[in-house]
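Q: Here is what each chain is made of, one letter per residue.
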Amino acid sequence: MTITADTADLALVPGRVVLDEIVGLRGPWSAVVVAGDVLTIVDLHGNQAVDTLVYDAADHTRRYSAAATVAAQQNLFLSTGSVLRDADGEPLMTLVADEVGNHDTVGGACSQESNTLRYGHHTKHQHACVENFLIEGAKWGLGKRDLVSNINFFMNVPVEADGTLGIVDGLSAPGKRLAIRAERDVLVLVSNCPQINNPCNGFDPTPVRMIVTRGE
Amino acid sequence: MTETLATATTHAARAHARAQAGTVTDAMPIVPASSWPAPPSGRAASMTWAETVPGGRYTSKVLARGTRLRLRDVHGTACANILLFRADAPHERLNVADTVKVPWQAYLGVGHPLLSDQGRVLATIVADTSGRHDALCGTTHVAGNTAKYGEGSLHSSSPAGRELFTVAAAKHNLQSRDLPPSLSFFHGVRVEEDGSLVSTGNAGPGAVVDLLIHLPVIALIANTAHPLDPNPEFTTGSLEVLAWRAPGELNSLPNTDPEYQRAVLNTDDAWAAATSETEIRR
Chain A
1 MTITADTADL ALVPGRVVLD EIVGLRGPWS AVVVAGDVLT IVDLHGNQAV DTLVYDAADH
61 TRRYSAAATV AAQQNLFLST GSVLRDADGE PLMTLVADEV GNHDTVGGAC SQESNTLRYG
121 HHTKHQHACV ENFLIEGAKW GLGKRDLVSN INFFMNVPVE ADGTLGIVDG LSAPGKRLAI
181 RAERDVLVLV SNCPQINNPC NGFDPTPVRM IVTRGE
Chain B
1 MTETLATATT HAARAHARAQ AGTVTDAMPI VPASSWPAPP SGRAASMTWA ETVPGGRYTS
61 KVLARGTRLR LRDVHGTACA NILLFRADAP HERLNVADTV KVPWQAYLGV GHPLLSDQGR
121 VLATIVADTS GRHDALCGTT HVAGNTAKYG EGSLHSSSPA GRELFTVAAA KHNLQSRDLP
181 PSLSFFHGVR VEEDGSLVST GNAGPGAVVD LLIHLPVIAL IANTAHPLDP NPEFTTGSLE
241 VLAWRAPGEL NSLPNTDPEY QRAVLNTDDA WAAATSETEI RR
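So the sequences go chain by chain: A and B. Each residue of the first sequence is one higher than the one before, counting from 1 in the UniProt record's numbering. Each residue of the second sequence is one higher than the one before, counting from 1 in the UniProt record's numbering.
Chain A with its partners taken away, still in its complex shape (with noise of 0.2 Å):
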């Protein structure tokens, strides 16, 4: 853990520090955040999506749902003030505060097998977020059955009125953050995509930094 002295700053909540790390390119990341603290992931170089999926800590099976989440609050896109809901309902996270404006819940994590559908069969051996949630899930007794559709932070998906979807050029910018408070004791797993076949990452994946702090 290396402290800074412009840490606190960071934080877009503040409070005292009690993690602050970075997440190398092509990486994974998992920690817990207990019921109270807030995580600021900062885009240190702007454009980088983070695959993120947040489980109860103490109960593994209830986990982030996409579809319970989108439904509650009628919209497809996470910005402040969204609720991130296990299947049941209940809350995981809230998203407290936002520098983009808009989230994605609908790209799911990029994997070597629906790379070689997305672009080929030359893409089978690149580095997927898949591969990342399964390498850090494994620390935490996590595997294959436990990973649904994740949040891809800092991604941008719009749904064109015919229906039309897919990943385009990002919102984000150098520096932009957002901040999500624990409702509870939650486990939240991270890859920080290495994909480099669309504008996800602008073709060029790069660090992102976790920071969390707790009320004084």
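Take the hints with a grain of salt, since some may be wrong.
[Stated by the list, open to error] Derived DEER-like restraints, expressed as beta-carbon distance ranges:
1. A:G120 x B:A64: 43 to 51 Å
2. A:L171 x B:S35: 20 to 28 Å
3. B:G248 x A:A173: 49 to 57 Å
4. B:S35 x A:G101: 52 to 60 Å
[Said to hold, decoys possible] In silico negatives: residues of chain A with every beta carbon more than 12 Å from chain B:
5. G15
6. V18
7. I22
8. S30
9. A138
10. E160
11. E183
12. E216
Hints in this document: simulated from the structure, not taken from any laboratory. Note that the coordinates shown come from a computational prediction; the quantities given were computed from them, not determined experimentally. Ideal Cβ placement from N, Cα and C applies to all residues, glycine included.
Given the structure of chain A, go ahead and fit chain B onto it with the hints provided.
A: Showing chain B alone in chain A's frame:
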């Protein structure tokens, strides 16, 4: 006229029980499926599933590769929430994110693949007279149905889809962690430019959706109101489920998109690799 049946002894109780069979309702399976009174033309002999699922109930079945599965919204009030798992490897299952992302299309219609998380096609939509479907909102939970209808438990009059799926899944030894977000047929949702999700409701009585099954699957179907159903009353009606063998249809698929073609290649590749020569000839 009141008929009194004694059940005081084992023999009488047995006779009483046996006298109940033969009842025909509009909410039951027909076995064998070939006995279904109105099979699709020429399909009577190849029928493998014929069942009517009442509103607020569920069903499930293992279906072979090459099965054509038909869902019919009998009264224009059904909502068929569906999950698919690969039967021989149930950890491979429907992935709604890939199902909308890979085809670049949020709305389900003819030619749309239902993709697994392994880059394969579990099913393709091969017919659709409804056009009102949803891959975004999943199904209902107890808290939501309780707030809306007063109750949402399994045996209530407005059971939540999550409860129905939990029980349906358990019958295939699948647990809560095996249940991803589901799709639903016969209740439409559209996305507005600002991301708002708007219910477009149901297309009316008699609408039909047909799925062609590409790999052996466990199909779980929960017939219960959509989460965005604006009706404050729970009025979900009957869903008819028919299936028959139609393996030849795997040779004439209704989608020429490159992503779909590669998904079919992956699917057929996995199937061929895991299938013995004898089974293929058969």
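Q: Look at each hint and say if it fits the structure.
A: Evaluated hints:
1. A:G120 x B:A64: 43 to 51 Å: This hint is violated: roughly 30 Å between Cβ atoms.
2. A:L171 x B:S35: 20 to 28 Å: 58 Å, violated
3. B:G248 x A:A173: 49 to 57 Å: At roughly 54 Å between Cβ atoms, A:A173 and B:G248 fall inside 49 to 57 Å, so the hint holds.
4. B:S35 x A:G101: 52 to 60 Å: 58 Å, holds
5. G15: 30 Å, holds
6. V18: 29 Å, holds
7. I22: Non-interface label on A:I22 holds, nearest chain B Cβ at 27 Å vs cutoff 12 Å.
8. S30: Correct as stated: the minimum Cβ-Cβ distance to chain B is 17 Å, above 12 Å.
9. A138: 15 Å, holds
10. E160: 9 Å, violated
11. E183: Correct as stated: the minimum Cβ-Cβ distance to chain B is 15 Å, above 12 Å.
12. E216: Nearest chain B Cβ is 33 Å from A:E216, so the label holds.
The structure does not agree with the numbered hints 1, 2 and 10 stated previously, though it agrees with the rest.
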